[in-house]
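Participant: Next come the chains, spelled out residue by residue.
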Amino acid sequence: MSDTALRGTARRAFAPDWGMRIFGLLILAYLVYAATQLDLGLGRFVTGLGEGARFLARMVPPNFARWELLLEGMIESIQIAVLATVFGILFSLPLGLLAARNIAPWWVSGPVRAFIAVCRSLHYVIVAILFVKAIGFGALAGICALVIASIGFVAKLFAEAVEEISMKQVEAVRSTGASTMAVLLYAVLPQVASRFVGFSLYQLDSNLRNSTLVGIVGAGGIGGTLFAAFKRFDYDFVSAILIAIIALILLAEIVSGRIRASMR
Amino acid sequence: MSGIPSEGAAVAATHDPLAPLRREWIRHSPAERLTRWIMFLTIVAAVVWAIRTIDIIPEFLADAPEQMADLLVRMWPPDLAAYPRGIHAALIETLHIASLGTAFGFVMAIPLALMAARNICRIPALNALAQVGLVASRSVNSLVWALIFVAVFGPGAAAGVFAIAFRSIGFVGKLLAEALEEMNPGPREALRAAGAPWGAEMLKAVWPQIRPAFWGVALFRWDINVRESAVLGLVGAGGIGVVLEDAINFFQWDQVATILLAILAVVLVAEIVVTRVRARLL
Numbered sequence: 001m002s003d004t005a006l007r008g009t010a011r012r013a014f015a016p017d018w019g020m021r022i023f024g025l026l027i028l029a030y031l032v033y034a035a036t037q038l039d040l041g042l043g044r045f046v047t048g049l050g051e052g053a054r055f056l057a058r059m060v061p062p063n064f065a066r067w068e069l070l071l072e073g074m075i076e077s078i079q080i081a082v083l084a085t086v087f088g089i090l091f092s093l094p095l096g097l098l099a100a101r102n103i104a105p106w107w108v109s110g111p112v113r114a115f116i117a118v119c120r121s122l123h124y125v126i127v128a129i130l131f132v133k134a135i136g137f138g139a140l141a142g143i144c145a146l147v148i149a150s151i152g153f154v155a156k157l158f159a160e161a162v163e164e165i166s167m168k169q170v171e172a173v174r175s176t177g178a179s180t181m182a183v184l185l186y187a188v189l190p191q192v193a194s195r196f197v198g199f200s201l202y203q204l205d206s207n208l209r210n211s212t213l214v215g216i217v218g219a220g221g222i223g224g225t226l227f228a229a230f231k232r233f234d235y236d237f238v239s240a241i242l243i244a245i246i247a248l249i250l251l252a253e254i255v256s257g258r259i260r261a262s263m264r
Numbered sequence: 001m002s003g004i005p006s007e008g009a010a011v012a013a014t015h016d017p018l019a020p021l022r023r024e025w026i027r028h029s030p031a032e033r034l035t036r037w038i039m040f041l042t043i044v045a046a047v048v049w050a051i052r053t054i055d056i057i058p059e060f061l062a063d064a065p066e067q068m069a070d071l072l073v074r075m076w077p078p079d080l081a082a083y084p085r086g087i088h089a090a091l092i093e094t095l096h097i098a099s100l101g102t103a104f105g106f107v108m109a110i111p112l113a114l115m116a117a118r119n120i121c122r123i124p125a126l127n128a129l130a131q132v133g134l135v136a137s138r139s140v141n142s143l144v145w146a147l148i149f150v151a152v153f154g155p156g157a158a159a160g161v162f163a164i165a166f167r168s169i170g171f172v173g174k175l176l177a178e179a180l181e182e183m184n185p186g187p188r189e190a191l192r193a194a195g196a197p198w199g200a201e202m203l204k205a206v207w208p209q210i211r212p213a214f215w216g217v218a219l220f221r222w223d224i225n226v227r228e229s230a231v232l233g234l235v236g237a238g239g240i241g242v243v244l245e246d247a248i249n250f251f252q253w254d255q256v257a258t259i260l261l262a263i264l265a266v267v268l269v270a271e272i273v274v275t276r277v278r279a280r281l282l
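These protein sequence lines are chains E and G, in that order.
Everything in the first sequence is counted per full-length UniProt numbering, starting at 1 for the first residue and increasing by one.
Everything in the second sequence is counted per full-length UniProt numbering, starting at 1 for the first residue and increasing by one.
Here chain E stands alone, though its shape is the one from the complex (with noise of 0.2 Å):
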């Protein structure tokens, strides 16, 4: 009785948040009309099951009788990930600053950043279809793809860290009658040398896990040797590609981690 009495009074510590919960309503009603579309069932969740318990059956023991081949593809996506990254950043230099608001002109600026975006919206994958598509089969074609994916991530980056760097040195070294060129060199790229090497080391980390990946639509790399193994349901070979793909991506991310923290 009392109790009624005080919750009219007194402050109340866990008020519901309508506002939330109807949002989360709202989510949670979408996510059950999509999975109706999606024809997502109980059934097929247990037919599944049955058939991973088979999958994951064939994959083990791994088979790593054929390790020449899987050399090989691993060394073609490493030099596709070293090449891809050197080319990307060097591209994304000039288009990073003159992508920077407050270096180029808004009718330079503008165009650059449209670019930019699009290189970041298109996957991948699709990127590496059409140059398969146009170039041919072959690394060639997965290095272009991958360019134009540090171009959109480490241009984008680059250009958000020169818009952040301060004026004042640029003003002074322009004070003095430098050129353009010369503002670049010494008032500009020194404030934003050490953010650069990060991003372009986390890039590199990032194309050494995409380079894997890109071969399924043959440019080139383990990933089609991955596919390849797929389609022929060669299922131990498929979980030795795999178990070796992920010891190079962490032995990278253990790398470039310290390489990062020795910088620092």
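Any given hint might turn out to be false.
[To be verified] Quick list of in silico lysine-lysine cross-link-like pairs, DSBU-like style, CA-CA up to 35 Å:
(1) 156/E with 204/G
(2) 204/G with 174/G
(3) 156/E with 168/E
(4) 174/G with 231/E
The set of hints was computed from the structure by calculation and includes no laboratory data.
Position chain G relative to chain E; hints supplied.
Facilitator: Same frame as chain E, now just chain G:
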């Protein structure tokens, strides 16, 4: 007086007032310069090795610009009439896959995140186990997850949903676990001191603290998943990728252009929606 090393400059100043001005300034210490050189040489060596040994057919490289131009000419103008016939439905399916995949991913990631956060779960072995699960999920790309689930569930949207979900676990779980570990222990201790059960502690002390991080991660991951679900169809896991693959295999380049424009539009719209919602929510 020029033979005096720079450390002795202060002593020498009494004899030669200009000595400090002649001191030589070097930006990096010798060790720093050495590591810089080694890093530079490693990069150059890696590039040279990659260029010399990679299998590139020079003829392909030579006529690449010509072929690209040819492809673009064939893509123009985009066949916009094809959009209502199938592309729109596939696009909606892609969005459904992304949303359901994100939701399933969260359902599986939350227990793992609670297990991985060292201030919630006090058993180191379980922390390590959860971390291994999160890393495994993150190391396998969504396309590879899609290949696996196509083999399990057969081609279709179900494989796509599970691929997106399993890929999201690692990302979501890692970020949520970090948010959990950074939270303020005060409210939890207060509730525990008042005798609240575990569930109430989670709901009233933990959840309000990680709610901003939760919605931020959800929106961010949904945005990524929209992009990723667009390509899952290439391996048969449903969505607009299936339509794209068909159009490419039939050399219907004008339809390919329409599909690419549709994907581009959806990705950009998703990004704008996410930024807007995030600005209002957080």
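Participant: Does each hint fit the structure? Answer for all of them.
Facilitator: Hints, one by one, checked against the model:
no. : hint             : result
1   : 156/E with 204/G : 40 Å, violated
2   : 204/G with 174/G : 22 Å, holds
3   : 156/E with 168/E : 23 Å, holds
4   : 174/G with 231/E : 33 Å, holds
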